[in-house]
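**Student:** Below, each chain spelled out in residue letters.
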Amino acid sequence: MEQITSSTRSLKAKTYILLFLMITLGSVGNAILDKGMKMLGPIDFSTRSAIWRGAFQTFTSGTIWLGICCMLLFMVCHMLVLSLADYSFVMLFSAITYALVPLLGYLWLGEYVPIARRIGIVLIIFGVFLVSRTPPRTTPSASAGSISSAN
Amino acid sequence: MRTALILSFVVLTGTCGEISLSHAMKQIGEVQQFSPAAIFEVLGRSLRQVWLWIAIGLMAVSFYAFLTMLSWYPVSFVVPATSLAYVTGALGSKFLLRERLNAVRWAGVAFISLGVAMAWADPMSLLPYLRHSYIFLREVVFAAALAPLAFYVLSVWSAWRFFRKSHNQTPKSSNDFTPPVSILKPLHGLDRGAYENFASFCRQEYPQYEILFAVGDENDPAVPIVRRLILDFPDVSIRLLVNREGKGTNDKVAKLCLLAQQARYPLLIITDSDVRVARDYLRKVAAMFRDPHVGAVTALYRAIEAPSFGAVMDTMGSLSFSGSALLARDLEGLKFTMGSTAAIPSERLAEIGGFAPLLDVHSDDYELGRRIAQLGYRVELAPDPVDMEFPSESLRDYLRHELRWLIGLRHIRPGGHFGLFMTQGIAWTAAAAVLAPSWIGAAAWISAYLIIRWLSGYVIGVWGLRDPVVRRKIWLLPLHDFFWFFLWLASFAVNRIEWRGLVFTLEKGRMIPVASALRAHE
Numbered sequence: 112m113e114q115i116t117s118s119t120r121s122l123k124a125k126t127y128i129l130l131f132l133m134i135t136l137g138s139v140g141n142a143i144l145d146k147g148m149k150m151l152g153p154i155d156f157s158t159r160s161a162i163w164r165g166a167f168q169t170f171t172s173g174t175i176w177l178g179i180c181c182m183l184l185f186m187v188c189h190m191l192v193l194s195l196a197d198y199s200f201v202m203l204f205s206a207i208t209y210a211l212v213p214l215l216g217y218l219w220l221g222e223y224v225p226i227a228r229r230i231g232i233v234l235i236i237f238g239v240f241l242v243s244r245t246p247p248r249t250t251p252s253a254s255a256g257s258i259s260s261a262n
Numbered sequence: 309m310r311t312a313l314i315l316s317f318v319v320l321t322g323t324c325g326e327i328s329l330s331h332a333m334k335q336i337g338e339v340q341q342f343s344p345a346a347i348f349e350v351l352g353r354s355l356r357q358v359w360l361w362i363a364i365g366l367m368a369v370s371f372y373a374f375l376t377m378l379s380w381y382p383v384s385f386v387v388p389a390t391s392l393a394y395v396t397g398a399l400g401s402k403f404l405l406r407e408r409l410n411a412v413r414w415a416g417v418a419f420i421s422l423g424v425a426m427a428w429a430d431p432m433s434l435l436p437y438l439r440h441s442y443i444f445l446r447e448v449v450f451a452a453a454l455a456p457l458a459f460y461v462l463s464v465w466s467a468w469r470f471f472r473k474s475h476n477q478t479p480k481s482s483n484d485f486t487p488p489v490s491i492l493k494p495l496h497g498l499d500r501g502a503y504e505n506f507a508s509f510c511r512q513e514y515p516q517y518e519i520l521f522a523v524g525d526e527n528d529p530a531v532p533i534v535r536r537l538i539l540d541f542p543d544v545s546i547r548l549l550v551n552r553e554g555k556g557t558n559d560k561v562a563k564l565c566l567l568a569q570q571a572r573y574p575l576l577i578i579t580d581s582d583v584r585v586a587r588d589y590l591r592k593v594a595a596m597f598r599d600p601h602v603g604a605v606t607a608l609y610r611a612i613e614a615p616s617f618g619a620v621m622d623t624m625g626s627l628s629f630s631g632s633a634l635l636a637r638d639l640e641g642l643k644f645t646m647g648s649t650a651a652i653p654s655e656r657l658a659e660i661g662g663f664a665p666l667l668d669v670h671s672d673d674y675e676l677g678r679r680i681a682q683l684g685y686r687v688e689l690a691p692d693p694v695d696m697e698f699p700s701e702s703l704r705d706y707l708r709h710e711l712r713w714l715i716g717l718r719h720i721r722p723g724g725h726f727g728l729f730m731t732q733g734i735a736w737t738a739a740a741a742v743l744a745p746s747w748i749g750a751a752a753w754i755s756a757y758l759i760i761r762w763l764s765g766y767v768i769g770v771w772g773l774r775d776p777v778v779r780r781k782i783w784l785l786p787l788h789d790f791f792w793f794f795l796w797l798a799s800f801a802v803n804r805i806e807w808r809g810l811v812f813t814l815e816k817g818r819m820i821p822v823a824s825a826l827r828a829h830e
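Chains A and B supply the protein sequences, listed in that same order.
Here my numbering is used: the first residue of the first sequence is 112, the next is one more, and so on.
Here my numbering is used: the first residue of the second sequence is 309, the next is one more, and so on.
Note that these hints are calculated values from the structure, not bench results.
Computed from a predicted model, the values in this text were never measured in an experiment.
Derived lysine-lysine pairs resembling DSSO-like cross-links, with alpha carbons at most 30 angstroms apart:
| hint | chain 1 | residue 1 | chain 2 | residue 2 |
| --- | --- | --- | --- | --- |
| 1 | A | 125 | B | 402 |
| 2 | B | 473 | B | 643 |
| 3 | B | 555 | B | 643 |
| 4 | B | 402 | B | 643 |
| 5 | B | 402 | A | 123 |
Could you put together the complete structure from these sequences and hints?
**Tutor:** What follows is the structure in structure tokens.
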């Protein structure tokens with residue numbers, strides 16, 4: 112019995128750590144890519160040589176590579192967390208980014224947040240709180256199966 | 309149109325991609341180690357999964373469509389609109405990945421979708437879209453709100469056809485077909501008026517029949533009552549059997565297996581212990597088998613009295629159920645039997661393999677009729693309803709057992725369970741009244757619902773079933789509809805049922821005991 116609770120707890124801990132990494136890497140990666148592309152300026156698509164020059168600039172920029180690395184790590188975390196938790200859990204949990212982006216915009220950049228948006232942020236946070244009250248995994252897995260058969 | 313197309317494309321390809329990815333990762337199994345070597349090993353294995361490549365393809369297509377959508381519409385429309393993906397994602401994970409979404413997670417889906425829509429929508433740019441979708445939605449709701457009203461009217465028509473015939477039936481018309489009958493009564497504890505209920509079966513005006521009772525152990529409170537019955541009715545063949553074998557999870561069926569084994573006569577009639585019948589009951593039920601195409605006979609039921617509010621709601625529920633059963637009988641023929649009566653010739657029972665295949669089935673009485681109907685036999689309704697001694701239960705008990713019944717139905721006939729949304733009169737009326745453009749319109753919807761609903765209650769319950777409780781309490785019918793709607797909603801989210809103090813989950817109609825049943829019960 113103790114074995115089950117401790118393994119459930121460690122499963123939960125791993126899920127939350129991966130979710131945290133996934134959300135952070137995803138948001139940071141997006142922000143870095145956004146910044147990197149803006150630093151390069153608009154890419155000229157008028158001639159073939161201009162396109163190649165644009166591509167060269169893009170892929171020699173350290174900022175862009177940093178962004179790509181973040182996004183790759185985001186994808187790895189996403190895959191790993193899906194091996195542990197329900198898709199419906201991960202999907203809903205990652206919706207917190209939709210609340211964090213306007214919230215951070217308000218806190219750091221002092222952007223004005225209209226009332227409807229504030230209510231929306233509260234609703235998302237409450238929804239994610241509700242989801243966090245449900246078990247991350249409801250389907251059996253190869254290793255979870257061995258737990259229940261040991262029981 | 310273009311908006312709807314691109315939106316559905318983005319949402320569906322995105323959801324399918326994510327679901328494929330999730331499926332691929334679930335195939336690999338839980339990742340236990342997080343060392344770089346272990347992660348690379350997992351990534352290597354996942355790249356060999358076909359589902360992963362399908363996922364990548366779908367997600368890429370979805371992302372491209374999302375960018376296209378962004379080039380057509382403002383972000384303040386695209387992000388809220390694509391929050392629909394939370395709903396499709398939840399549905400996909402439930403039906404494709406077989407995840408169990410409980411009520412709390414569904415509430416999370418609702419809050420998050422609404423929250424994303426509100427946090428990212430710009431009201432001014434959305435105004436035209438909102439207005440169009442509002443008008444469209446309103447028309448859909450109006451059309452849908454007519455469906456339950458039509459359902460009530462049609463069930464009144466079916467009830468009128470059925471009861472007109474059964475009320476006019478002359479007592480002598482069904483006297484000449486009287487095969488010997490074994491009445492099977494699985495018991496578990498005592499119901500109100502148990503002696504009177506059982507005695508009504510001993511007073512049958514029928515040439516040859518026997519009554520077999522089965523209990524789980526000798527200490528069952530029903531045992532002294534049955535012994536008294538044996539003394540009081542020496543002319544009737546009554547036997548009491550004790551079922552000591554703990555076969556299957558449904559102990560009623562375990563008892564039925566034993567009873568069927570011991571039954572001597574070719575026509576078996578199974579009735580719940582809370583049923584009371586008239587003296588000509590056996591005659592009327594047996595007479596229906598004169599037609600060799602009839603494979604089973606079941607009966608409608610009415611209340612004897614309602615000792616509590618829960619029992620009143622139960623009576624209103626049985627009235628509504630009778631309406632659906634009568635309509636179903638006219639439209640497609642009955643495909644189920646009820647606990648009130650399930651009469652079946654032993655030959656037909658042998659054709660479905662006896663009771664043994666139902667040992668783990670939750671809604672055994674329903675399933676029995678369904679299996680007979682599947683063989684091409686007709687399931688018929690006895691002309692008279694039986695009387696039911698509803699327990700003096702609280703509202704909470706009533707809600708709990710109705711929910712259990714609905715969860716059972718969802719597992720046996722998911723389509724029929726989902727189709728109940730067309731019979732939710734009170735919910736659709738409330739929606740139509742809220743959306744009605746004027747107060748008069750709203751009042752018209754509410755009056756139409758109340759008049760048609762009470763009329764259906766009167767025709768089916770008071771005139772047809774001659775139910776004394778419905779006659780006195782018919783005004784409570786809308787309250788029953790109110791509870792019924794929320795129970796129906798809840799039955800989508802709940803998978804656990806409590807059955808005689810134990811907790812089970814249902815899988816395809818089979819009861820699987822939950823290991824931690826006692827803990828959950830506490």
